[in-house]
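**Q** Sequence:
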Amino acid sequence: MFKKRRLANRFSLFTFIFLFFLVLALNFGVSYILKNYLLEISSSYVAQLIRVHASKELTEDDFLIEDPPLVRQKFWFFFQDIQAPNIIRIKVWDRGARIIFSDDATIVGQKFTDNEEFNKAILGETVSEIQEPIKSENKSERSYSQLMEIYVPVFFMESRTPAGVIETYFNLDEINALMARARFFVGLFIFLAIFIYWLTLIFLFRKTAQEPMREMEKYKLAVENASDHIIITDSDGVIMYANKAAEKTTGYSLEEMIGARPSLWGKKMPQEFYEKMWKTIKYDKKVFKGELKNQRKSGENYFAEVTIAPVLDDRGNVIFFVGIERNITKEKELEKTRTDFITLASHQLRTPLSGIKWLIETLQKGVLGELNPKQKEYIDEIYRANEKMIVLVYDMLNVLGLEGMKNIKKEIIDVDSLLKELSDSFEPAAKSKGVEFKHTSSVYGLKIKTSRDFLSTVLECFISNAINYSDAGKKAVLDIKDGPDAIIFSVTDSGIGIPKNEEGRIFERFYRASNAKVMKPDGTGLGLYIAKISAEKIGGSIYFKSEKGKGSTFYLRLPKLGN
Numbered sequence: 067m068f069k070k071r072r073l074a075n076r077f078s079l080f081t082f083i084f085l086f087f088l089v090l091a092l093n094f095g096v097s098y099i100l101k102n103y104l105l106e107i108s109s110s111y112v113a114q115l116i117r118v119h120a121s122k123e124l125t126e127d128d129f130l131i132e133d134p135p136l137v138r139q140k141f142w143f144f145f146q147d148i149q150a151p152n153i154i155r156i157k158v159w160d161r162g163a164r165i166i167f168s169d170d171a172t173i174v175g176q177k178f179t180d181n182e183e184f185n186k187a188i189l190g191e192t193v194s195e196i197q198e199p200i201k202s203e204n205k206s207e208r209s210y211s212q213l214m215e216i217y218v219p220v221f222f223m224e225s226r227t228p229a230g231v232i233e234t235y236f237n238l239d240e241i242n243a244l245m246a247r248a249r250f251f252v253g254l255f256i257f258l259a260i261f262i263y264w265l266t267l268i269f270l271f272r273k274t275a276q277e278p279m280r281e282m283e284k285y286k287l288a289v290e291n292a293s294d295h296i297i298i299t300d301s302d303g304v305i306m307y308a309n310k311a312a313e314k315t316t317g318y319s320l321e322e323m324i325g326a327r328p329s330l331w332g333k334k335m336p337q338e339f340y341e342k343m344w345k346t347i348k349y350d351k352k353v354f355k356g357e358l359k360n361q362r363k364s365g366e367n368y369f370a371e372v373t374i375a376p377v378l379d380d381r382g383n384v385i386f387f388v389g390i391e392r393n394i395t396k397e398k399e400l401e402k403t404r405t406d407f408i409t410l411a412s413h414q415l416r417t418p419l420s421g422i423k424w425l426i427e428t429l430q431k432g433v434l435g436e437l438n439p440k441q442k443e444y445i446d447e448i449y450r451a452n453e454k455m456i457v458l459v460y461d462m463l464n465v466l467g468l469e470g471m472k473n474i475k476k477e478i479i480d481v482d483s484l485l486k487e488l489s490d491s492f493e494p495a496a497k498s499k500g501v502e503f504k505h506t507s508s509v510y511g512l513k514i515k516t517s518r519d520f521l522s523t524v525l526e527c528f529i530s531n532a533i534n535y536s537d538a539g540k541k542a543v544l545d546i547k548d549g550p551d552a553i554i555f556s557v558t559d560s561g562i563g564i565p566k567n568e569e570g571r572i573f574e575r576f577y578r579a580s581n582a583k584v585m586k587p588d589g590t591g592l593g594l595y596i597a598k599i600s601a602e603k604i605g606g607s608i609y610f611k612s613e614k615g616k617g618s619t620f621y622l623r624l625p626k627l628g629n
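For the sequence shown, the positions run 67 to 629 when our numbering is used.
It should be emphasised that the hints constitute simulated quantities derived from the structure, not laboratory data. On a predicted model such as this, the values are computed, not experimentally measured, just so you know. Hints are not guaranteed to be accurate.
[What the hints assert, rightly or not] Across the chosen pairs, the derived CB separations fall in these ranges:
no.: 1; residue 1: K515; residue 2: L358; range: 33 to 41 Å
no.: 2; residue 1: D537; residue 2: P625; range: 31 to 39 Å
no.: 3; residue 1: S607; residue 2: D239; range: 14 to 22 Å
no.: 4; residue 1: P625; residue 2: G382; range: 35 to 43 Å
no.: 5; residue 1: E574; residue 2: K423; range: 27 to 35 Å
no.: 6; residue 1: S508; residue 2: F339; range: 17 to 25 Å
no.: 7; residue 1: T395; residue 2: Y577; range: 22 to 30 Å
[Stated by the list, open to error] No more than 25 Å apart at the CA atoms, straight line, and that leaves these computed lysine-lysine pairs for DSS-like:
no.: 8; residue 1: K352; residue 2: K342
no.: 9; residue 1: K402; residue 2: K359
no.: 10; residue 1: K547; residue 2: K515
no.: 11; residue 1: K352; residue 2: K363
no.: 12; residue 1: K541; residue 2: K603
no.: 13; residue 1: K140; residue 2: K616
no.: 14; residue 1: K334; residue 2: K348
no.: 15; residue 1: K314; residue 2: K333
no.: 16; residue 1: K310; residue 2: K334
no.: 17; residue 1: K626; residue 2: K486
no.: 18; residue 1: K611; residue 2: K499
no.: 19; residue 1: K345; residue 2: K314
no.: 20; residue 1: K355; residue 2: K603
no.: 21; residue 1: K504; residue 2: K547
no.: 22; residue 1: K566; residue 2: K540
no.: 23; residue 1: K355; residue 2: K310
no.: 24; residue 1: K442; residue 2: K333
no.: 25; residue 1: K442; residue 2: K431
no.: 26; residue 1: K513; residue 2: K348
no.: 27; residue 1: K497; residue 2: K566
no.: 28; residue 1: K423; residue 2: K314
no.: 29; residue 1: K497; residue 2: K475
Glycine residues also receive a C-beta, built at the ideal position from the N, C-alpha and C atoms.
Could you put together the complete structure from these sequences and hints?
**A** Encoded structure:
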């Protein structure tokens, strides 16, 4: 028996080493294949986008005119139409390798006959090349870690010869970030597979119920001191192993847990929860994840995130289950305290603030006597401060209502009617600010199924910000586009824009950009947060493009699924 055990141990060690290197090879191999696939998809998408818009907006003569300024505006509108968050630059080449349009005006009119990618593309082949912007002479490209130049030949009518080549720069930062996450999760998945396989090997060489427990001693060190609560049960849910964290969390000793079932500290969730869990891990043989409430030996409840994975033999039968619990009680308590405080503060403040407003208005009207100019100035300042608090309380109550709302009532909405309603609603505010506000759309008669209130909330936030953060004489434009798989609403302004280093936080609760605080000190920082929640409630998403000092465009994307 000892000889078999030594052979088993040696086999396990060699298997572990082999699988370790296999993890590395598979991780890099899968990452390489996945990235090439994503690059190919991105290149094809950009090429198709360019060809579709070129066929609608450009002609072959546009590539032949000697004087580029005559078509510069036309190409500029074309660039605006194809510009997506990842398409950051454009060059338009004629057949003679001369650049006739670019967002970089310094290179327009120059010839680059030795450009290998152009020479391939002009023969009718879409060509792409990866470049590192840090080495680029163009400063605007250096803010990106990696770009893909895509050269797309443009054909018109039945011509077999391209009229020219349109080159775009595609930002790969999102793909690289996605690949980093993919590498992590692929590695994690393979590691978990090895870990589960490792545990399975233990059971291949055991004859009795006690033998697996003795063999498992070698592997306890891997999980014994983990901060998460880890248990292993047999296929019937009887506990075979529990680490120290499980003892600390539940209050039960190892001796009390071995041979018992997890219901020892459980059974605090609805029956449907346990039925779904057992169906997932035992019959569907899949990993189960969820949040649950358990009870310590002392009777005190605690909350945990749980992950339970079934381990199968070579015939697909469940051998045992590995369960990992992470105690999230403090997080739950902190979130409840925060929500309770905001709820209490909001409700308690609403009534006195309304009373203060009434008293201030009484003073302003001179009911208690005429005010001198200085008194009136102070009273007006108090009134503005009180109004700011009323808006803040309203927004906080709105946030709480949105976060707790589950059932969203949807209806068929006439988009033309909604846009007109929004235009009429904001026209006075725009005129008062000296901002020209209009809505433009090439889509008419469009109807969508969604929540009118939530959709209006998002668009009202976009429009309000566009007007508030634009100076007199500027424009704010509400637009809608009917895309192949989604409806895109957008609001564009030429206001103050958003600083680049603050863009990642712009949808956070209570966050306001530094330049917004200077221009409009009395904002709450809840508008875009409310817009984000509202968009998610109706299955949409919001994003933006912005340049500090030049303006912003905020987008609401509503998938067509269900519309």
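**Q** Hint by hint, note whether the structure agrees.
**A** Hints, one by one, checked against the model:
Between K515 and L358 the CB atoms are about 35 Å apart, so this pair conforms to the stated range of 33 to 41 Å. Taking the beta carbon of each, D537 and P625 are about 36 Å apart, inside 31 to 39 Å as hinted. Our hint of 14 to 22 Å for S607 and D239 holds, since their Cβ atoms are close to 18 Å apart. At roughly 37 Å, the beta-carbon separation of P625 and G382 lies within the given 35 to 43 Å, and the hint holds.
The supplied range of 27 to 35 Å is met by E574 and K423, whose beta-carbon atoms lie about 29 Å from each other. For the hinted restraint 17 to 25 Å between S508 and F339, the CB-CB distance of approximately 50 Å leaves it violated. Restraint check, T395 to Y577: a C-beta distance of roughly 28 Å satisfies the suggested window 22 to 30 Å. Only pairs whose Cα atoms come within 25 Å are accepted, and K352 paired with K342 is accepted, the gap being roughly 11 Å.
A hinted pair counts as satisfied when its Cα atoms are at most 25 Å apart, and K402 with K359 qualifies at roughly 15 Å. For the hint linking K547 to K515, the alpha-carbon distance of about 16 Å falls within 25 Å, and the restraint holds. Of the pairs offered as hints, the one joining K352 and K363 is violated, with about 30 Å between alpha carbons and a cut-off of 25 Å exceeded. About 30 Å separates the Cα atoms of K541 and K603, which puts this hinted pair outside 25 Å; it is violated.
Under the criterion of a C-alpha separation no larger than 25 Å, the hint pairing K140 with K616 is consistent with the structure, at around 22 Å. Taking the CA atoms of K334 and K348, the gap is near 21 Å; set against the 25 Å cutoff, the hint holds. About 19 Å separates the Cα atoms of K314 and K333, which keeps this hinted pair within 25 Å; it holds. About 23 Å separates the Cα atoms of K310 and K334, which keeps this hinted pair within 25 Å; it holds.
Our distance criterion of 25 Å between C-alpha atoms is met by K626 and K486, whose separation comes to about 22 Å. Under the criterion of a C-alpha separation no larger than 25 Å, the hint pairing K611 with K499 is consistent with the structure, at around 23 Å. Of the supplied pair hints, the one linking K345 and K314 is violated, its CA atoms being roughly 29 Å apart against a limit of 25 Å. Restraint check for K355 and K603: the C-alpha separation of about 23 Å stays at or below 25 Å, so the hint holds.
Taken as a hint, the K504 and K547 pair is honoured in the structure, with Cα atoms around 15 Å apart against an allowance of 25 Å. Among the hinted pairs, K566 with K540 is consistent with the structure: their alpha-carbon atoms are about 22 Å apart, no more than 25 Å. With a C-alpha separation of about 22 Å, the suggested pair K355 and K310 falls inside the 25 Å cut-off, and the hint holds. Restraint check: the Cα-Cα separation between K442 and K333 comes to about 65 Å, which exceeds 25 Å; the hinted pair is violated.
Annotation: proposed proximity of K442 to K431 holds, straight-line Cα distance about 10 Å (limit 25 Å). Simply put, K513 and K348 have alpha-carbon atoms about 46 Å apart, too far for the 25 Å limit, and the pair is violated. With a C-alpha separation of about 30 Å, the suggested pair K497 and K566 falls outside the 25 Å cut-off, and the hint is violated. A distance of roughly 54 Å separates the Cα atoms of K423 and K314; the hinted pair therefore is violated under the 25 Å criterion.
Distance check on the hinted pair: K497 and K475 sit about 34 Å apart at the alpha-carbon level, beyond 25 Å; violated.
Checked against the numbered hints above, the structure breaks hints 6, 11, 12, 19, 24, 26, 27, 28, 29 and satisfies the rest.
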